[in-house]
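Student: Sequence:
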Amino acid sequence: MLKITILAVGKLKKEYYKKAFDEYLKMIAPYASVKIEELAPEPFYDNSDKEKIKEKESLKIIKYLDKFPQTKVIVLDEGGKEFQSKMFSQFLFKNETEHIIFVIGGTLGFGREIFNYKNAIRISLSQMTFPHEMVRVILVEQIYRTIAINKNKSYHY
1 MLKITILAVG
11 KLKKEYYKKA
21 FDEYLKMIAP
31 YASVKIEELA
41 PEPFYDNSDK
51 EKIKEKESLK
61 IIKYLDKFPQ
71 TKVIVLDEGG
81 KEFQSKMFSQ
91 FLFKNETEHI
101 IFVIGGTLGF
111 GREIFNYKNA
121 IRISLSQMTF
131 PHEMVRVILV
141 EQIYRTIAIN
151 KNKSYHY
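For the sequence shown, the positions run 1 to 157 when the numbering used here is used.
Among the hints, a few may not be true.
[What the hints assert, rightly or not] Now the in silico label distances, taken between C-beta atoms and shown as ranges:
# : residue 1 : residue 2 : range
1 : Ile36     : Asn152    : 22 to 30 Å
2 : Phe115    : Tyr45     : 22 to 30 Å
3 : Lys50     : Tyr155    : 33 to 41 Å
4 : Asp49     : Glu98     : 35 to 43 Å
5 : Asn152    : Glu38     : 29 to 37 Å
6 : Gly79     : Lys35     : 23 to 31 Å
Read the hints as simulated data drawn from the structure, not as lab findings.
Even glycine gets a Cβ: it sits at the ideal position worked out from N, Cα and C.
Model the full assembly from the supplied sequences, consistent with the hints where possible.
Tutor: This is the structure in structure tokens:
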């Protein structure tokens, strides 16, 4: 059974994202353990704070990740590797016995520290930019799609 943690900066605020997210979690539950961890975002006042904010949020993420040294860390970043759904399924199930932490950054993205974190793998859900709340929904949909592919369920065509 897959053991996944979704580590995100900020909370899901919009009800329609929460509903979609929760619906996918229900669909995933028989096949994978998914835990959600949310870190408080840093207050953001103007553009001059951007790099400092990204650094502070990245250090919070690293502090959390350091509690789980044997974990596979996957950072969601627009500059990361892109997968087709079947390849992503193979990738995820190849690591089925490991605890996997997917990391979603804050509104401004990540500081450089994250990209140098141990053996973190960077993946991209798309070259397009999405609201961070939507990224969570897309991620759990892709996790469910991965399961459907692996279990030969009629979801992915």
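Student: May I ask you to test the hint 23 to 31 Å on the CB atoms belonging to Gly79 and Lys35?
Tutor: 26 Å, holds
Student: Kindly confirm whether 29 to 37 Å is satisfied by the beta carbon distance between Asn152 and Glu38.
Tutor: Holds: the Cβ-Cβ distance is about 34 Å, inside 29 to 37 Å.
Student: Do the Cβ positions of Lys50 and Tyr155 conform to the proposed distance bound of 33 to 41 Å?
Tutor: Once the Cβ atoms are compared, 39 Å apart, the range 33 to 41 Å for Tyr155 and Lys50 holds.
Student: In this structure, is the beta-carbon distance linking Asp49 and Glu98 contained in 35 to 43 Å?
Tutor: 36 Å, holds
Student: Note whether the CB distance of Phe115 and Tyr45 lies within 22 to 30 Å or breaks it.
Tutor: Holds - the Cβ-Cβ distance for Phe115 and Tyr45, about 25 Å, lies within 22 to 30 Å.
Student: Does the Cβ-Cβ separation between Ile36 and Asn152 fall within 22 to 30 Å?
Tutor: 28 Å, holds
Violation of the numbered hints given earlier is absent; every hint is satisfied by the structure.
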